[in-house]
Amino acid sequence: VLRCSMPCFEGLFIALGMEDLMQELFFICATWYSFGDSKLHTNSTLEFFKSSTTDLGRILRLFTKKSNDHPTVELAEEVAA
Numbered sequence: 218v219l220r221c222s223m224p225c226f227e228g229l230f231i232a233l234g235m236e237d238l239m240q241e242l243f244f245i246c247a248t249w250y251s252f253g254d255s256k257l258h259t260n261s262t263l264e265f266f267k268s269s270t271t272d273l274g275r276i277l278r279l280f281t282k283k284s285n286d287h288p289t290v291e292l293a294e295e296v297a298a
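Position one of the sequence shown corresponds to residue 218 (the working numbering), numbered consecutively onward.
Keep in mind that the hints were calculated from the coordinates and are not lab data. The beta carbon of each residue, even a glycine, is placed where N, CA and C say it ideally should be. Treat the hints with care, as some may be off.
Calculated pairs, DSSO-like style, for lysine-lysine (alpha carbon to alpha carbon, straight line, at most 30 Å) [stated by the list, open to error]:
no.: 1; residue 1: Lys-267; residue 2: Lys-282
no.: 2; residue 1: Lys-283; residue 2: Lys-267
no.: 3; residue 1: Lys-256; residue 2: Lys-267
For each label pair, taking beta carbons as the anchor points, the in silico distance ranges come out as [what the hints assert, rightly or not]:
no.: 4; residue 1: Arg-275; residue 2: Ile-231; range: 32 to 42 Å
no.: 5; residue 1: Lys-283; residue 2: Val-218; range: 17 to 27 Å
no.: 6; residue 1: Phe-280; residue 2: Lys-256; range: 28 to 38 Å
no.: 7; residue 1: Ala-298; residue 2: His-258; range: 39 to 49 Å
Please take these sequences and the hints and turn them into a complete structure.
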């Protein structure tokens with residue numbers, strides 16, 4: 218699902234000013250997952266996987282900083298659970 222989700226979320230984060238960040242986050246997550254799901258690695262794929270892991274950490278830290286700017290609340294069902 219992650220690999221084909223980018224078009225589904227396109228345009229949803231424009232009002233928040235996070236469109237580019239979210240598209241990059243989805244792409245890096247899909248890339249990282251694909252490398253992790255691989256059954257056979259070579260030296261070059263392991264290097265790409267390592268680089269992808271670094272990119273994933275960077276984008277997740279950036280997402281954490283940017284998402285704190287937007288107030289969120291739990292839904293009533295979540296509070297009751």
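Hint by hint, here is what the structure shows:
1. Lys-267 <-> Lys-282: Roughly 23 Å between the alpha carbons, so the hint for Lys-267 and Lys-282 holds.
2. Lys-283 <-> Lys-267: holds (25 Å)
3. Lys-256 <-> Lys-267: Cα-Cα ~16 Å, so holds.
4. Arg-275 <-> Ile-231: 32 to 42 Å: Roughly 23 Å apart at Cβ, these two residues miss the hinted range, so it is violated.
5. Lys-283 <-> Val-218: 17 to 27 Å: The hint (17 to 27 Å, Cβ to Cβ) holds, given that Lys-283 and Val-218 are roughly 24 Å apart.
6. Phe-280 <-> Lys-256: 28 to 38 Å: This hint holds: roughly 29 Å between Cβ atoms.
7. Ala-298 <-> His-258: 39 to 49 Å: holds (40 Å)
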